[in-house]
Amino acid sequence: MRIALSQIDPHLGDFPGNCAKICRNIAEGRLAGADLVVFPELALIGYPPRDLLDKPSFVDRSLQYLPEIQRASEGIGVIVGTVSKNTATTGKPYHNSALFFADGRLLATAHKRLLPSYDVFDEERYFEPGESAVRVDFRGEKIGLTICEDVWNVSHYLPRPLYHCDPVADLRRHNPTLLVNISASPFHLGKASWVGELLKAHAVRERIPVLYVNQVGGYDELIFQGHSMVWNETGTLAATGADFREDMVLFDTTTGRGDCHASALDPSSELIKALALGLRDYTVKCGFQRAVIGLSGGVDSALVACLAVLALGHENVLGVGMPGPYNAPESLMDAAELARRLGIAFETIPIGELFDTCCRTLSPAFRGLPPDATEENLQARLRGLILMALSNKFNRLLLSTGNKSEIAVGYCTLYGDMNGGLAVIGDVPKTMVYELARKLNSLYDWIPERILTRAPSAELRPDQKDQDTLPPYPVLDGILAAYVERRLSPEEIAAEGWDEETVRWVVRRVEQNEYKRWQAPPILRVTTKAFGMGRRNPIAHGYR
1 MRIALSQIDP HLGDFPGNCA KICRNIAEGR LAGADLVVFP ELALIGYPPR DLLDKPSFVD
61 RSLQYLPEIQ RASEGIGVIV GTVSKNTATT GKPYHNSALF FADGRLLATA HKRLLPSYDV
121 FDEERYFEPG ESAVRVDFRG EKIGLTICED VWNVSHYLPR PLYHCDPVAD LRRHNPTLLV
181 NISASPFHLG KASWVGELLK AHAVRERIPV LYVNQVGGYD ELIFQGHSMV WNETGTLAAT
241 GADFREDMVL FDTTTGRGDC HASALDPSSE LIKALALGLR DYTVKCGFQR AVIGLSGGVD
301 SALVACLAVL ALGHENVLGV GMPGPYNAPE SLMDAAELAR RLGIAFETIP IGELFDTCCR
361 TLSPAFRGLP PDATEENLQA RLRGLILMAL SNKFNRLLLS TGNKSEIAVG YCTLYGDMNG
421 GLAVIGDVPK TMVYELARKL NSLYDWIPER ILTRAPSAEL RPDQKDQDTL PPYPVLDGIL
481 AAYVERRLSP EEIAAEGWDE ETVRWVVRRV EQNEYKRWQA PPILRVTTKA FGMGRRNPIA
541 HGYR
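In the numbering used here, the protein residues as written are 1 to 544.
By construction, these hints were calculated from the structure, which means they are not laboratory data.
Listed next, the in silico BS3-like pairs over lysine-lysine satisfying Cα-Cα at most 30 Å (straight line):
no., residue 1, residue 2
1, Lys85, Lys142
2, Lys529, Lys465
3, Lys200, Lys529
4, Lys191, Lys285
5, Lys191, Lys21
6, Lys55, Lys85
7, Lys516, Lys285
8, Lys516, Lys529
9, Lys529, Lys92
10, Lys285, Lys393
11, Lys85, Lys21
12, Lys393, Lys516
13, Lys273, Lys516
14, Lys439, Lys285
15, Lys285, Lys21
16, Lys55, Lys285
17, Lys285, Lys273
18, Lys529, Lys439
19, Lys273, Lys200
20, Lys465, Lys439
21, Lys142, Lys200
Note that the structure is a prediction, hence the values are computed from the model and not measured.
Using the sequences plus the hints, can you model the full thing?
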């Protein structure tokens, strides 16, 4: 049997658009000689729908498009993810389901059995779990149906199994010849390799091919890589979908071989592709076509500008230089040169007069008090005001340029440099920012070398350097990775060799600045623990 793995980028809630895309891909699979076309989890509605599921009309409207998909299955098999209603009198109102259509009729419905409710997931809030394994006999194959998390409850693979049942083990009693897993598994750095090892283990243990079809695209903070896979019973990778774009790959169960469209990506290339996809999908799906960025002459804004050009095209990006009283002349020069190399529009709007006016206006209230962080923040907020004005006037999405290191310890200004509709690199530590910038320069030579070699500075007071306030970035990022991503205690981090006083300073700053992160723009998630929906820390608490 020839199977087409169709990794698509649905638009959440765009039922006619998603349905049309599914039907086009069914037709494409038929022309390619496929017997079965498989789509990702919740492909008809998009994943994750979150509280849209609290609107009965949302689900009712989605169900109206299933007959069209059913009709498109004439002469071919189709597995598609969607929401179905729970017909029982108790439990959550919906199931996360896989529907198997063939020859114009519905052959089977499988409900997701393991519903994740950790990190960025909250499926127990909406869905009722399925109760039994489902096998479908189709064109000589006995196909076991699973949905995403259903293949993750492996005792030797996780430090602690989270569920009391194992859907793959339950399917074993039905003697499947093929295991299909439809998925919408969010990206983080290295995720594809991790998932591959899991699927490979299932294929070898069950002695059958395992087909994994993953969603691609961006949804708010989340990025989906695609990278669909087929592992055969010998533990050989037999087919792969492309990374970070829509794709269809064919796999033949008779020969055990299929198309391989994925390419080996180093970590920097993987992150660049992920961030560009997340930025593009967020911008377009929110109704924007163009973006605006404050260009400071520093590496963070330079990286965001490069990503914006990759995502949206140089003609849709505006850079703005806003020199203030303490900016070095080379900062504006480097920002202008970056814009020239990128081919983007560039405007210069000085803030010196605005700053002086604000200081004079506030001087009666501040009488007798020396300048401090208040005046520094005032400069950042004036720049934020200008950028938001340009965003409003010209319908451009403002891209925030803060990195994870700064956001973690509050080295950023509310209503200033934190302004924006999307924090593109808010989950990228500063050390990684430099790695990505150098990778882009090796490919395109976009970033002036001085931006990469100058000591980083917010330039909010004379001769200011980041390292006047922060530990060296390699130290800061190492401690943050241990505290935020690995959730170690200060004592455990110090035991790994980090200076204890520095560790406690970093941890204290992380905890003190939770309130800022609650007011940050959505942050594209690329690590195992981003500041966003997957990290729900309270602001007002007494645990130290």
